[in-house]
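Q: Following the hints, complete the assembly by docking chains A, F, X and U with the ligands onto the known chain S.
Residue numbers (UniProt numbering), protein chains in the order written: chain S, 1 to 316; chain A, 1 to 316; chain F, 1 to 316; chain X, 1 to 316; chain U, 1 to 316.
Any given hint could turn out to be false.
Pairs of lysine-lysine, PhoX-like flavour, derived with a Cα cap of 20 angstroms [unchecked claim]:
| hint | chain 1 | residue 1 | chain 2 | residue 2 |
| --- | --- | --- | --- | --- |
| 1 | A | Lys253 | X | Lys253 |
| 2 | A | Lys253 | S | Lys311 |
| 3 | U | Lys253 | X | Lys311 |
| 4 | F | Lys12 | S | Lys253 |
| 5 | F | Lys121 | F | Lys12 |
| 6 | F | Lys253 | U | Lys253 |
| 7 | X | Lys253 | A | Lys311 |
| 8 | A | Lys253 | S | Lys253 |
| 9 | F | Lys253 | U | Lys311 |
| 10 | U | Lys12 | X | Lys253 |
Sample of chain U residues with no beta-carbon within 10 angstroms of chain X, all distances over it, derived [said to hold, decoys possible]:
| hint | residue |
| --- | --- |
| 11 | Ile2 |
| 12 | Ile4 |
| 13 | Lys14 |
| 14 | Val22 |
| 15 | Tyr27 |
| 16 | Leu49 |
| 17 | Gln64 |
| 18 | Arg132 |
| 19 | Gln151 |
| 20 | Asn169 |
| 21 | Tyr197 |
| 22 | Gln206 |
| 23 | Met228 |
| 24 | Phe265 |
| 25 | Glu284 |
| 26 | Ile310 |
Because the hints were derived from the structure by calculation, they are not lab data. Because the structure is a prediction, the values reported are computed rather than measured. Glycine is no exception: its CB is placed at the ideal position from the N, C-alpha and C atoms.
Each chain, written out:
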Amino acid sequence: MIQIIAITSDNKRKTMKSIDEVLDGDYQWWWIDFNNPTDEEVKQLDTKLHFHQLAIEDCILGQQRPKMDYYDDFSLIVTHTIGPVSFDQHEINVFIGDQFIVTFHKDDVPEVNQVWNMAIKQEDMKDWDIYRIFYEILDKVVDHYFPIIYQLEDSINLVEDNPEELSMNVLLEQLFELRHELLKLRHAINPIRDLVYRILNSSHLQGIEDRREYFADIYDHLLKLSEMVDSNREITNDIRDNFISLNSYQQNKVIQVLTVITSIFAPLTFIAGIYGMNFVNMPELEWHYGYYIILALMFVLSLAMIMWFIKRGWFG
Amino acid sequence: MIQIIAITSDNKRKTMKSIDEVLDGDYQWWWIDFNNPTDEEVKQLDTKLHFHQLAIEDCILGQQRPKMDYYDDFSLIVTHTIGPVSFDQHEINVFIGDQFIVTFHKDDVPEVNQVWNMAIKQEDMKDWDIYRIFYEILDKVVDHYFPIIYQLEDSINLVEDNPEELSMNVLLEQLFELRHELLKLRHAINPIRDLVYRILNSSHLQGIEDRREYFADIYDHLLKLSEMVDSNREITNDIRDNFISLNSYQQNKVIQVLTVITSIFAPLTFIAGIYGMNFVNMPELEWHYGYYIILALMFVLSLAMIMWFIKRGWFG
Amino acid sequence: MIQIIAITSDNKRKTMKSIDEVLDGDYQWWWIDFNNPTDEEVKQLDTKLHFHQLAIEDCILGQQRPKMDYYDDFSLIVTHTIGPVSFDQHEINVFIGDQFIVTFHKDDVPEVNQVWNMAIKQEDMKDWDIYRIFYEILDKVVDHYFPIIYQLEDSINLVEDNPEELSMNVLLEQLFELRHELLKLRHAINPIRDLVYRILNSSHLQGIEDRREYFADIYDHLLKLSEMVDSNREITNDIRDNFISLNSYQQNKVIQVLTVITSIFAPLTFIAGIYGMNFVNMPELEWHYGYYIILALMFVLSLAMIMWFIKRGWFG
Amino acid sequence: MIQIIAITSDNKRKTMKSIDEVLDGDYQWWWIDFNNPTDEEVKQLDTKLHFHQLAIEDCILGQQRPKMDYYDDFSLIVTHTIGPVSFDQHEINVFIGDQFIVTFHKDDVPEVNQVWNMAIKQEDMKDWDIYRIFYEILDKVVDHYFPIIYQLEDSINLVEDNPEELSMNVLLEQLFELRHELLKLRHAINPIRDLVYRILNSSHLQGIEDRREYFADIYDHLLKLSEMVDSNREITNDIRDNFISLNSYQQNKVIQVLTVITSIFAPLTFIAGIYGMNFVNMPELEWHYGYYIILALMFVLSLAMIMWFIKRGWFG
Amino acid sequence: MIQIIAITSDNKRKTMKSIDEVLDGDYQWWWIDFNNPTDEEVKQLDTKLHFHQLAIEDCILGQQRPKMDYYDDFSLIVTHTIGPVSFDQHEINVFIGDQFIVTFHKDDVPEVNQVWNMAIKQEDMKDWDIYRIFYEILDKVVDHYFPIIYQLEDSINLVEDNPEELSMNVLLEQLFELRHELLKLRHAINPIRDLVYRILNSSHLQGIEDRREYFADIYDHLLKLSEMVDSNREITNDIRDNFISLNSYQQNKVIQVLTVITSIFAPLTFIAGIYGMNFVNMPELEWHYGYYIILALMFVLSLAMIMWFIKRGWFG
Ligand SMILES: [Mg+2]
Ligand SMILES: [Mg+2]
Ligand SMILES: [Mg+2]
Ligand SMILES: [Mg+2]
Ligand SMILES: [Mg+2]
Ligand SMILES: [Mg+2]
Ligand SMILES: [Mg+2]
Ligand SMILES: [Mg+2]
Ligand SMILES: [Mg+2]
Ligand SMILES: [Mg+2]
Ligand SMILES: [Mg+2]
Ligand SMILES: [Mg+2]
Ligand SMILES: [Mg+2]
Ligand SMILES: [Mg+2]
Ligand SMILES: [Mg+2]
Ligand SMILES: [Mg+2]
Ligand SMILES: [Mg+2]
Ligand SMILES: [Mg+2]
Ligand SMILES: [Mg+2]
Ligand SMILES: [Mg+2]
Ligand SMILES: [Mg+2]
Ligand SMILES: [Mg+2]
Ligand SMILES: [Mg+2]
Ligand SMILES: [Mg+2]
Ligand SMILES: [Mg+2]
Ligand SMILES: [Mg+2]
Ligand SMILES: [Mg+2]
Ligand SMILES: [Mg+2]
Ligand SMILES: [Mg+2]
Ligand SMILES: [Mg+2]
Ligand SMILES: [Mg+2]
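Chain S on its own, in the form it takes in the complex:
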């Protein structure tokens, strides 16, 4: 679907659906939104808007890194959004020229819709221009990363505190997933951060200069996001190392129990085995107190063993 907002020289807003209409008219500036466009509509990037072949290719193929490319009469900016639950990544391509902004996205992305609705609800468009549209979209894109990281932080805390007392292999599996998602976030956020840094320092986008504070504010958020991702990766690192350490500590304890039990009963069972032998000539068997002497001996022996293990700290 193609949607167009065009602003007249006296700041009136018109909406239309045909690119020809806006190009033929006499407008101050216009915004063309390609939302999940048909193949026919995609072709108009070339036939009507005459964008460079490489820029159009980037739009169609997708799988670009967030980036900014300068062409003779426009700049192409590619940025990414991430869906809150599925972690699906969507691309938004923005063409900025002297009089136009063109947004192109294969999926229906809420960030662009929000800005569209803001613009439509405006009574007067005199505070708006191309760069205002661009700022609002970028601002929404970046803001939407925060709830995603907060959600991941909650999940990390759940793994750390483990209120449902899940077993360690389940926790490790969850941790692995969380790390994977943090990695995806890092590969989405850091290039956008570097992109906004370039936008701030670019001489090609003259309209930025008047809105410097606004784009600097977005850059601020991206720095914060980038630090949160790094910090959370490091925390998951620590949690996993902690799990492994604790597991190893518990294993040590279990093996100590095994060794204590074995060390106490192996000699006792051996002694009982000796007097269970059927030799004809075993004088102790006929002693009147033989049985009691042996029981006492076993008792003393096991006591000595236990003392030794207590001294070694294996009864902790």
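A: Frame of chain S, contents of chains A, F, X and U with the ligands only:
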């Protein structure tokens, strides 16, 4: 609560509570402190002081990184303090203009109170100006990080020396907490460090030039703090690796004990089992010295085993 | 084999096999391709084309990193391709002068063949020049890295999901191989990335300026490739750490089973051993309910043991 | 104690103890050494020499990083020495002005004493000036780090070779200490290295220019020291990883022994247990060769077990 | 030993042994080689050639990092070679002035000898000058690192493939040695790489400009060497991690065998122990089929156990 200090052209200090009063008067410079302000008071940032909307947003929302933003007629500096026990983070926002300094903090922070009391006790204000106020606050903020790190270092030493002989899983839990707190400290200190570096090299804050040595001294402390945090993180790393190594070494020893005990008694118990069988025709059972021969055999066998284990170094 | 395309001043294309022919003729520009050349043909780099001795050495010896060297009247660019299955690395050496491009490769590489066929099929050569040839080759080289990484990503997913339920040592072996291949890819891709960055910013290759967008597009792909390699190395890292953690967790479980079994049966077997002794005077043996009392004792004892282990969570 | 060397205009050396005397006299340049000064003496930094308050604070408080601060009429340089056995760190503060060098240290440091004695023994002072004094002190400070690292390298080699056959937990404890000391060294050496780099490139210390080679030589040594520390940290890393690997390998071997022993004797002991049962009707017990048949069976069974373990490589 | 080549103004070569002779003569340029010099010969660096005291110190003491120092009338370049088997490091010091090159090395190094022999065999010296000598030596030094790395790569492959089926502790020991040698190589190669980079960009060595391609070729090789070392360190890292993982996996398997054996035989042996007790009143003992019933019970029990273990995957 809003508190104001205003300085007259002959360096006299007046205190007041109304922003209108200071703006209408004829003062050399003034300091407005928003300490845990009410919603009504917060609105005056906009209605009376006419700060930029983005700057006011940063104050109200909080959760900013330490940073410095330049606006047309003022600069906004955001810095963090950390409470000594709870590790709670508080934000201090400082607006600096030609004639004013405005501090804004949602919590009652001791660093600002100390400077307020210093200023109030001063007989003559001729050595003071806006940048002196700013320097004193920043100096207190940075100085307060030192006892926090010293306290963490003491805790790390306690974990390493373990005078209360806590078990290893408790120590690992403590170490994990300490690492987490060091991480928080790093994410507080390093951005302040970078911020002070920018302040030192900023051309927007002209009053810094006359107090260069003072701000350089703060920067020095931040470098020292940053190194202490990194160094302590690395030490906790080493302590944990050491714990894991020692745990693994001890486990080895325990398993050796288990193996030695099993290896000695398994064959002996087996031999006793053989002569405990009830076959009718077992000639050894009827030998006169059968019992003694078997006992001797067992003795020799266990001796040989022990020798072999001693040779292998398993009796260390 | 030596193949030559030469373009006349009216953009006609001629193909020939002799270097003398092209040098003696009056052509606008020409492309000489040394494809798996004989020793005789290699010598013509020196005798006919008079390239610098060091440049010729690099071609003949191979084992160069991807790089660009400037000589007085030409530039030498070395780049690598990697075969899809064998991971064999091949070198393509490209000499670029004012009127010529010379490609030299010891193996028959598909990337050059594709461009050759493109050029041959062209009706009119007026859109082509030396840098177009160079761009097309480089573009093919870089594009061919994508399927290789996709293939590695599929293999990594197979190791992670393990649908064939292979044992962990087989998976670890596969992971080790995958990491090795990722390392090889990194050492191929990163230098090419840095090389294209240099080409983009080089003042020696004047023809680049007109095709800036095209080479920037290649650079973009190389950034993407480089990030994919790094990201996949990190994922293999996480997978291996996960395997090790899970292995250690399972071992813990196995040892708990061993300890539980041993702890229950060692005391029971010892008690049975006691009443298997052959002492003449053992009053319990003659009690009418002695046997049942002992059986009950054993039952209670094992129940107590099991309760204790359940409380410890060893029956998870 | 305060010691002073003052040089007259004809390069004669005078020594004195009173700062007033040197300031009132007519000297070319002078060196004032505060060696472990009393509180009274410390005050003279302010009352007599009029240094900046922040510089004096740095001296008195200590705990500074190695650094250089520029003030209006002098520079303050802080550097560290480390004692050879105790690893105690001492600070040397050096004030350099147009006509004076002032050294301030709370402890009696051998590096300064050596230079003092060199200067005192000199017949003619015409080759000496303020920067010569400074160079000689810095040179001694840096040279004294070498024997400390050599000593650590010897200790690391002792841990690696383990000639006294200490147990692994003792070695790990030693390694941990060595790593800690290397960390301390790094935090002493790297800032001095960066400081000397700044001194070499400073425009504030004009006397450096004439002695460039000398200070570059010190910088060289600091680069070497820094690399030695990093390299040794990496080696201790490898040693510890090696210890852990070997420990894990040995544990594997011990557990194999345990498993072999258990696997052989558990079935044998079970069989013996069967024929130790007291059932009235057990025909095998009455067979004439029953006992021998069972012994043979046991022999065959244990042989089969041993074969299986040999095949599995557990008898390595 | 001191050897001298001196070139006359008509490019004739003379060889001599006395420094006086070359300095007194009228030569275009000369090369003085100090090969393992006597103390007497070393003194001539000062008395005859008047080099700076610090430069001479560096030669005599050795233990320098590869580096380049500028003095008023010459530059000193220090570089390292490594012997192929022993990994002994040797230093070559090169002094370059307007008319002379002086090489100084305490050991007889093949790299210098090769260049000497090349120069001696030359018929005409008109293509040679000071920088040609320097280039040839540096080229040999760098080329000699390649076989050393190839040899290490072979050793690493041997450890990985383990054709002699060495035990893991032997392999780990070898790996540790290999890592140590790679570390030594890195500390030799990286500073030389940085040194050649500085040489390429130095304005002090004017003769470099004419041979830029040659020194760039050396730099190329050093980049390649540096990457090979880093890559091989990373591969040894992976090999060791793989060993540890496999060891841990095998241990898991061994412990499973132990647990299975114990779990099967512990209950069986206990049951046999029960019916080996000597109570007077044990009715089962007198049942006609008691023995067979118990045997059947044991069979069923062990079968159930085995089924459970198979289900758990412990018979893999
Ligand atoms: Mg980052
Ligand atoms: Mg970061
Ligand atoms: Mg960041
Ligand atoms: Mg960070
Ligand atoms: Mg970490
Ligand atoms: Mg960690
Ligand atoms: Mg830091
Ligand atoms: Mg630092
Ligand atoms: Mg550091
Ligand atoms: Mg750091
Ligand atoms: Mg470390
Ligand atoms: Mg570590
Ligand atoms: Mg690399
Ligand atoms: Mg990369
Ligand atoms: Mg990267
Ligand atoms: Mg990257
Ligand atoms: Mg990672
Ligand atoms: Mg790792
Ligand atoms: Mg990882
Ligand atoms: Mg790790
Ligand atoms: Mg370093
Ligand atoms: Mg270094
Ligand atoms: Mg290094
Ligand atoms: Mg390092
Ligand atoms: Mg390492
Ligand atoms: Mg390591
Ligand atoms: Mg490197
Ligand atoms: Mg590298
Ligand atoms: Mg490199
Ligand atoms: Mg790695
Ligand atoms: Mg690794």
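Q: Work down the list of hints and note, for each, if the structure agrees.
A: How the hints compare with the structure:
1. Lys253/A with Lys253/X: Holds: Lys253/A and Lys253/X sit about 13 angstroms apart, inside 20 angstroms.
2. Lys253/A with Lys311/S: Given pair Lys253/A, Lys311/S holds - Cα atoms ~15 angstroms apart, limit 20 angstroms.
3. Lys253/U with Lys311/X: holds, 15 angstroms
4. Lys12/F with Lys253/S: The given pair, whose Cα atoms are some 85 angstroms apart, is violated under the 20 angstroms limit.
5. Lys121/F with Lys12/F: Between Lys121/F and Lys12/F the Cα gap is close to 13 angstroms, so the pair holds against 20 angstroms.
6. Lys253/F with Lys253/U: The given pair, whose Cα atoms are some 13 angstroms apart, holds under the 20 angstroms limit.
7. Lys253/X with Lys311/A: holds, 15 angstroms
8. Lys253/A with Lys253/S: Holds: Lys253/A and Lys253/S sit about 13 angstroms apart, inside 20 angstroms.
9. Lys253/F with Lys311/U: The given pair, whose Cα atoms are some 15 angstroms apart, holds under the 20 angstroms limit.
10. Lys12/U with Lys253/X: Distance ~73 angstroms between Lys12/U and Lys253/X Cα, so the pair is violated.
11. Ile2: holds, 25 angstroms
12. Ile4: holds, 27 angstroms
13. Lys14: Holds, since 33 angstroms exceeds 10 angstroms.
14. Val22: The claim stands: Val22/U keeps its Cβ more than 10 angstroms from every Cβ of chain X (closest is about 26 angstroms).
15. Tyr27: Nearest chain X Cβ is 28 angstroms from Tyr27/U, so the label holds.
16. Leu49: holds, 17 angstroms
17. Gln64: Given that some Cβ of chain X is not farther than 10 angstroms from that of Gln64/U, nearest at about 7 angstroms, it is violated.
18. Arg132: holds, 28 angstroms
19. Gln151: Label holds. Min Cβ-Cβ 20 angstroms, cutoff 10 angstroms.
20. Asn169: Contrary to the label, Asn169/U does not stay out of reach of chain X, its closest Cβ about 5 angstroms off (not over 10 angstroms).
21. Tyr197: holds, 15 angstroms
22. Gln206: The claim holds: Gln206/U sits with its nearest Cβ about 21 angstroms from chain X, beyond 10 angstroms.
23. Met228: Fine: 18 angstroms to the nearest Cβ keeps Met228/U off the interface.
24. Phe265: violated, 4 angstroms
25. Glu284: With a cut-off of 10 angstroms, Glu284/U comes too close to chain X, as the shortest Cβ separation is near 8 angstroms.
26. Ile310: Since the minimum Cβ distance to chain X is about 18 angstroms, Ile310/U lies beyond 10 angstroms and the statement holds.
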